[in-house]
Structure formats: structure tokens, C-alpha cells
Amino acid sequence: MQAMDQCFRGMNGVTPLVNSMSHAPAKPAVHMGLPLPNSKLGMWLFLGTEIMFFTAFIGTYIVLYFGSVGPDGKTAWPTDPHVTHINVLAGGVNTFVLLASSYFVVVAHEAMVAKNFKRAWNFLLYTLLLACLFLGIKAYEYSGKFSHGILPGQIPENDMQAVRMFGDDLQSIVDRNLDSLISPGNTQELKRGDSPLVTGDEPLHVKATMVTEVMSATEDDWLLGQLQAWQALNTEFNGLRSDISANRLTVADVQEKLAKMHEHPEYGPMVSHLHLAKVIPFGNLFASTYFLMTGFHAIHVIVGMILFVAVLKQGTRLDERSTDWVENSGLYWHFVDLVWIFLFPLLYIIPGNI
Amino acid sequence: MADDHAHAHPHVNYFGVFIALCVCTALSVIFDVVKPTPALLVFLVLAVACAKATFVMTYFMHLKFEGAWKFIILFPTAILAVGLMVALAPDMAMHYYDNDAAQAKTRDTLSADHAAGHGDHATDHEAAQAGSEEHGQDEHATDKHKAGH
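First to last, the protein sequences are chains A and B.
Everything in the first sequence is counted per numbering that gives the first Met the number 0, starting at 0 for the first residue and increasing by one.
Everything in the second sequence is counted per numbering that gives the first Met the number 0, starting at 0 for the first residue and increasing by one.
Hints are computed from structural coordinates only; laboratory data are not their basis.
Zero decoy hints are in this set.
Using 27 Å as the maximum straight-line C-alpha spacing, the simulated DSS-like pairs for lysine-lysine come out as follows:
no., chain 1, residue 1, chain 2, residue 2
1, A, 39, A, 117
2, A, 144, A, 73
3, A, 137, A, 277
4, B, 63, A, 114
5, A, 312, A, 114
6, A, 39, B, 69
7, A, 277, A, 256
8, A, 190, A, 206
9, B, 34, A, 73
10, B, 63, A, 39
11, A, 312, A, 117
12, B, 34, A, 137
13, A, 144, B, 34
Since this is a predicted model, take the numbers as computed values, not measurements.
Same shape as in the complex, but just chain A (with noise of 0.2 Å):
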């Protein structure tokens, strides 16, 4: 390692030696183009596409902002923190993380330009845990929408999609119940004939036809208990399912038997995680641009990332050909600060003031 170390210097050395023998003159050829590194010139017009590619984002939110109006002609984009688990703390917090890793990106550049690469070294790893720290409270944000069902396409955004929503959850734990239950595992002492009575392979339907036969052979009371349990959660099912189609039950309805079901001596355990999904008119919408535009940005921050890792593994052989690599690197983190600047208010601070 050393060697190639002084390989590379010995490299340096012989450069301006080359440039002495040479028959330019002492002033400098013209340089074409730009009064810039072309390292730098690249990332500024990277940068310049960048702002368009994120002004695009928040044209669109704003413009679906104000488009999504409610029976009163007026927006009614989801702006109650407490249904859209927008959390203004975290995203201040954040906001101070980031200019803070900001700030030690330019010092870092400061100290490789004065040559001081231990310190420079120092503050870009102040930067990357700033970065992870961002990354952090982030996923934090994220894990309590996931866990409210605030997922694109998820959210039911009138009282029929809540109540047909309630439909489905509830068919698929019925279903599931049924599958598990009806398995080899559970039956295997049962036989028909020679051959086990249940192989797995059944598709459901098959399974529900199978129901009475099992109850009637098998001799575990567990075993027999569920399968009670699942018939009477079955029957329950299937009466609320044509109430559902039809279109007769409201929101208190579902409440109200909701409820019940969970209070049911046999399948209420089955039924403990069921619930009837918040109402939510523009849910989906908020929950994609949400999501679009704060999760372009952590895309960033984690590139960002990559960029300060490739110099900071160069661990104490960090010297001044990484400058420009600093330098640019550090435009691009101020650029991923500086869309997160214009992203805190629009998202956290203005939404149900305007």
C-alpha cells in the first residue's frame, strides 16, 4: 500500500518536470470552455437538471393540492396531523441534521483545500452520520404511516371503499383461517382409505367442502373448537357479505358489528387484528406525493452517502487529489439540503393553512 502511495507521488514529482521540458511558453495554453474544472462544470449541470427534476414534484403536489376539492369546491387535501401522521418535530429535527451535515461538508472542504486531511476526514464523517441520522428519523416517519395504513392505493377515501375494505380484509382472514386449519399438518391421523384425507394441494373452495368431514373424523378437540369457530365466523362473513355488495351497511354498522366480532366467545381471536380503515378523501394522492418526493430525496441522501464513503475509506492516504472529489460532492450534499429546505415547509408547515 505504501509503495503504490509512493509510486503515486513519484508520479506527482515527475509532472511539472515533464512540463519544464516542454516547449510551451510559462503562461498557460488557452483553456477552451468554461473558467472551471470540468469535474465541477458537470455538477453544476447535473444540479441544474436536478432542480428541474424535483420542481417537477412540487409543481404536480401543488397543483393536486389545490385540484383535489371537496363537495365545498374548496381543497381538501388530508392535513390533520393526526391523519396524516405528518409529525413537525421530526421534520425539524431533520431540517437541523441536515444543514448541520451541510455545514461540515463546506469545513470539510475548507480543511482539504488548507491541506489539514486528518480534520477534513473528521468532519465528512460527522456528515455521513448525519446522514444516517437523517435516514433514521426518516424510517421513523415512515414506520408510523406504514403502521396507520397511510400506503398508496391503500386507503379507502369514502365510506363504501372503507366498508368494502372491511369486506376483503375480513374474506382474507376467513380464507386464511381455513387454510391453515384444513392442512396436513393438522389432519394427518385422518385417512381416507389409504391415502391421507387432506394433501395440502386442495384449492380453497375444496377445503370449505371438506369442513364437516373433518369435524366428524377428527378426535383433536383443538382441531375441532377452531373449525366451530371457523364455521360460525364463516356464516358471519357470508351474511355481511351481501350486505356489503348491495351496498346496505354504513360505516356504524360495521363499527357496531365490528365490535361484536371481537367480543365473539369462538372466532374472536380470529378477528383481533381486523379493523375498519380510516376514511381519508385524497388519502391516496397525499400518500403518493408524500412518498415521491421524500423518498427521492432519501435516494439522494443515500448517493450522498456513497460519495462521502468512497473518500472516507481512503482512511489516512486522504490527500489532495480528493479536493475536487470533496468539493463536488459537497455541491451535490447542499443541493440535497437545499430541496429538503423547500420540502419541510411545503410538506409539514403550510398544508391546512392555505
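Dock chain B against the given chain A, drawing on the hints supplied.
For chain B alone, kept in the frame of chain A given last:
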């Protein structure tokens, strides 16, 4: 090359800029807590965001010390970015049509075939028929509702 342009930057009190940015962030959160009139709040937090963006671009991104090339690169993208917003504006501020989004209604009028969409169960056919009758009534109800306005 690195040395050539690095020396061009005069010393900046980066920590001072950082403190100014933190104060701006705190101001945004304070405005949100104090809640002046909604329009004023929106104006203030956007003004603060613009101030922060200016600080970052001027000092952290060294634009203050760069040559005129910065305008050549940033001006066209700024035009296109603002142009996109202006181009989208008619759809948010000037629409000529009545907004008839399903989300604005409490009880949606889904088509009858959607009710039959659950497929594999024997009772679904019956349910679908019952559903279509129900939908018919619903549509009447909605029409009356509209007429009332």
C-alpha cells in the same frame, strides 16, 4: 487545478452561516406553533425557506465567489422550473369544469359490474343483482341532491 480555484475563495464564517440557518429553521417552527393568520404563516415560512436557500447557495455552494458562468447554467433551468409551474397553473386556478371527484361524495356510485367483481362465490350473482338495484336508487338520490343545489 484544485489549487487554482481553491485560493479564489475568501474566508467565510461558515459557522455564522450555519447559526443563521438554524435560527431560520427555528423561526419556521415557531411560526407554525404561534399560528398567525394562515396566509401570513404561508408567506413567512416560504420567505424563510427562500432566505435559507439563498444562504446555502451563496456561501456553502460558493456561488458568491463564482464567475458569470453560474448565470449561464442556472438561468435556463430556473426559467424551465418556473415555466413548469406557470404551465400547470391553469389547471389549479382556472378550471372551467365542475369538479365531480368521487371523494367529494359520501356515498359513491360504483358501477354494478364492480359489485360482481368478487368472482368465485355462488352468492355473488344474487348480490350483484341486489347491488345494481341499490345503485339505481343511489343514482336517483344523487341527482335529487344535485337538483337541490
